[in-house]
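Start from the sequences, fold in the hints, and give me the full structure.
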Amino acid sequence: MERRVRVRFAPSPTGALHIGGVRTALYNYLFARQHGGDMLLRIEDTDSTRFVPGAEEYILEALDWLGIGIDEGLRMSQKSKVEGQKTIEAVGSHGPYRQSERREIYHRYVKQLLDSGHAYIAFDTPEELDAKRAEIPNFQYDARTRMQMRNSLTMAADEVQQLLDKGEKYVVRFKVEPDEDVHVHDLIRGEVVINSNILDDKVLYKSADDLPTYHLANIVDDHLMEISHVIRGEEWLPSAPLHVLLYRAFGWEDTMPHFAHLPLLLKPDGNGKLSKRDGDRLGFPVFPLEFHNEKDGTVSSGYRESGYLPEAVINFLALLGWHGSGDQEMYTMDELIKDFSLDRVSKSGAKFDYEKGKWFNHQYLQLRSNEELAAMFLPVLKEKLSTFNFQPDDFSQLSTLNSKLPTIVGLVKDRVNFVPELWEQADFFFVAPTGYDEKSLKKRWKEDSPKHMQELLALLETVSEDDWHKNEQIVNDQMVNTHWHLDDVVMPWIAEKEYGVGIVMNAFRICLVGAARGPHIWNITDVLGKDETLRRVRTALQNIR
RNA sequence: GGUGCCAUCGUAUAACGGUUAGUACUCAAGAUUUUCAUUCUUGCAAUAGGGGUUCGAUUCCCCUUGGCACUACCA
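Once you know that position 190 of the first sequence is 1568 in our numbering, the rest is easy, because the numbers rise by one and skip nothing.
Hints listed in this document are in silico derivations from the structure and should not be mistaken for laboratory results.
Treat each hint with caution, since some may be false.
[To be verified] Lysine to aspartate or glutamate pairs mimicking EDC-like chemistry, simulated, CA-CA at most 16 Å apart:
| # | residue 1 | residue 2 |
| --- | --- | --- |
| 1 | Lys1762 | Glu1799 |
| 2 | Lys1734 | Asp1647 |
| 3 | Lys1829 | Glu1876 |
| 4 | Lys1457 | Glu1479 |
| 5 | Lys1760 | Glu1799 |
| 6 | Lys1762 | Asp1805 |
| 7 | Lys1908 | Asp1826 |
| 8 | Lys1725 | Glu1833 |
| 9 | Lys1782 | Asp1815 |
| 10 | Lys1875 | Asp1805 |
| 11 | Lys1734 | Glu1707 |
| 12 | Lys1457 | Glu1467 |
| 13 | Lys1760 | Asp1826 |
| 14 | Lys1584 | Glu1505 |
| 15 | Lys1875 | Glu1833 |
| 16 | Lys1736 | Asp1805 |
| 17 | Lys1489 | Asp1588 |
| 18 | Lys1734 | Glu1802 |
| 19 | Lys1848 | Asp1866 |
| 20 | Lys1651 | Asp1731 |
| 21 | Lys1725 | Asp1826 |
| 22 | Lys1547 | Glu1537 |
| 23 | Lys1547 | Asp1587 |
| 24 | Lys1654 | Glu1631 |
| 25 | Lys1729 | Glu1612 |
| 26 | Lys1729 | Asp1656 |
| 27 | Lys1651 | Glu1612 |
| 28 | Lys1645 | Asp1658 |
| 29 | Lys1645 | Asp1656 |
[To be verified] FRET-style restraints, in silico, Cβ to Cβ:
| # | residue 1 | residue 2 | range |
| --- | --- | --- | --- |
| 30 | Gly1414 | Glu1537 | 51 to 57 Å |
| 31 | Glu1435 | Arg1626 | 24 to 30 Å |
| 32 | Ile1881 | Arg1722 | 53 to 59 Å |
| 33 | His1561 | Gln1518 | 31 to 37 Å |
| 34 | Arg1722 | Thr1427 | 38 to 44 Å |
Cβ coordinates follow ideal geometry from the N, Cα and C atoms, glycine included.
Structural data, given as structure tokens:
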């Protein structure tokens, strides 16, 4: 009889959520959804010294942005999202879902371990332990050394009680029995065996802040919250045997969750795991959202603010350490849920390939409608225009420009990876050239160009405003081509005068754009309109050379 | 140092003992084009090394090498 699938993502609020953590959350989510199970979110804030304000909200907002839904535990309130404010809600009957709010629970279970003889009280201070480590190389608090230390195993019961009554600081340590092969069955790696001799008597309960360590809290919570599968990063593999021993000590071995340890995300260059510094150094975000760390005053860039689409980040991350059943690379979240399998998670660490991430974003950008992209581009555009003596308020009154925005975006979107890059591709639609690109002039502005432009100017003057924009779609060979009226005006003239089409049109392009770039020329004239087009040609005739 | 995990083109990965070792990104070349880009086509490029097992190893085993993680009153 299989249990209901219940998985959890359990981050620590010690800063921005690392992209590797996002992938762990994603795999948990995919697994839960695929099996019709529950995805829980629990906050592991048992280290009061490392707590960073805002980190919890950040984590929940990031998952929300990416579409990684939470069924139980802490999550962004959906109701408040509509109202535009960000509040956190707790759902489910296994709470509280913040470990700092579960102190009494841990007390109870620590006592159980103490009573059953699986744990003991130790009075050794951090200073004493440091001294010991300095004195004895590779010192480890374990079966070999514990009888030389100050703890409830070496001291008489009344002496221990005396110290406790006096309020002496103490920790609770797990009593690891020596010479035992501990087997951990990992869903990704198979059977892992570690001898208990190399395990130390881990601290389960800290004296410093009256809270348990990760190991104790984790086992107690996963048990109480009826977690069926623990899917977490590979850094936890070495302590998995300890966790097995803890389940056993509690008598919970029959309902112990299945383990799956995910490969780590590595630096793109060199060695080591991906860190915050790599992002700064190599120029890409390692966090989903921008984060302002109140504790140390640092600001970390995020995928969202860099112009990434959430579905691109999800797709990219999903394929880092996992592959589908076929050659498919573009996956919607629903498709991922259908195809996901722990069997196809790789064992080795994955170097973070940022270029592939850019490619994914390009792909997903093309899938968005021009209207959507225009809406995303608008804030960037206003920002850019404000540097051209264009006040953002003025811009909002330029309704014609506003209505043309989707068209403009549609003309250049296939050449960008990110929304903000639309500006570099489309700037000339909004601002007339302020200069002319040297290279383009050298190659495309010929001796006859001024004469050509004069004649072209006169020719275009004769075109009516209506005809200016006239075009028809021609379908042949399943290709859609646009035939422009202006072609009928200009091409015969070029043919008659025996000018080169390239020579004329490239010069014309320089007048309008300022360089040899941009979409098809009639698309540009169509957006600019007759007046603006002619104005730019006159300006160019005055200013070039 | 100790323990564990891992090892296919530069990168992500495919090939559940038999393939000309596949795909995608990157890069290069070509085609298309009135520019730039897109797009399309082609190309470059890998089984870490050494032993076994087998008729046959990318695949199974061992050793070496290398990479990574852990080794806190952090998670």
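Hint check:
1. Lys1762 to Glu1799: Cα-Cα ~11 Å, so holds.
2. Lys1734 to Asp1647: 14 Å, holds
3. Lys1829 to Glu1876: Holds, at about 14 Å.
4. Lys1457 to Glu1479: 25 Å, violated
5. Lys1760 to Glu1799: Distance ~14 Å between lysine 1760 and glutamate 1799 Cα, so the pair holds.
6. Lys1762 to Asp1805: Holds, at about 9 Å.
7. Lys1908 to Asp1826: Cα-Cα ~23 Å, so violated.
8. Lys1725 to Glu1833: Since the Cα atoms of lysine 1725 and glutamate 1833 sit roughly 69 Å apart, the hinted pair is violated (cutoff 16 Å).
9. Lys1782 to Asp1815: Between lysine 1782 and aspartate 1815 the Cα gap is close to 26 Å, so the pair fails against 16 Å, i.e. violated.
10. Lys1875 to Asp1805: Not satisfied, since the Cα-Cα distance of roughly 33 Å exceeds 16 Å.
11. Lys1734 to Glu1707: With a Cα-Cα distance of about 11 Å, the restraint between lysine 1734 and glutamate 1707 holds, given a limit of 16 Å.
12. Lys1457 to Glu1467: Judged against 16 Å, a Cα distance of about 10 Å means the pair holds.
13. Lys1760 to Asp1826: Roughly 39 Å between the alpha carbons, so the hint for lysine 1760 and aspartate 1826 is violated.
14. Lys1584 to Glu1505: 15 Å, holds
15. Lys1875 to Glu1833: 11 Å, holds
16. Lys1736 to Asp1805: The given pair, whose Cα atoms are some 22 Å apart, is violated under the 16 Å limit.
17. Lys1489 to Asp1588: This hinted pair holds, its Cα atoms lying about 14 Å apart.
18. Lys1734 to Glu1802: 22 Å, violated
19. Lys1848 to Asp1866: 11 Å, holds
20. Lys1651 to Asp1731: Judged against 16 Å, a Cα distance of about 13 Å means the pair holds.
21. Lys1725 to Asp1826: 66 Å, violated
22. Lys1547 to Glu1537: 14 Å, holds
23. Lys1547 to Asp1587: Holds: lysine 1547 and aspartate 1587 sit about 11 Å apart, inside 16 Å.
24. Lys1654 to Glu1631: 38 Å, violated
25. Lys1729 to Glu1612: Given pair lysine 1729, glutamate 1612 holds - Cα atoms ~15 Å apart, limit 16 Å.
26. Lys1729 to Asp1656: Status holds; Cα separation ~12 Å.
27. Lys1651 to Glu1612: 11 Å, holds
28. Lys1645 to Asp1658: Roughly 12 Å between the alpha carbons, so the hint for lysine 1645 and aspartate 1658 holds.
29. Lys1645 to Asp1656: This hinted pair holds, its Cα atoms lying about 7 Å apart.
30. Gly1414 to Glu1537: 51 to 57 Å: At 56 Å between Cβs, range holds.
31. Glu1435 to Arg1626: 24 to 30 Å: 37 Å, violated
32. Ile1881 to Arg1722: 53 to 59 Å: Holds, at about 56 Å.
33. His1561 to Gln1518: 31 to 37 Å: About 22 Å separates the Cβ atoms of histidine 1561 and glutamine 1518, which means 31 to 37 Å is violated.
34. Arg1722 to Thr1427: 38 to 44 Å: 39 Å, holds
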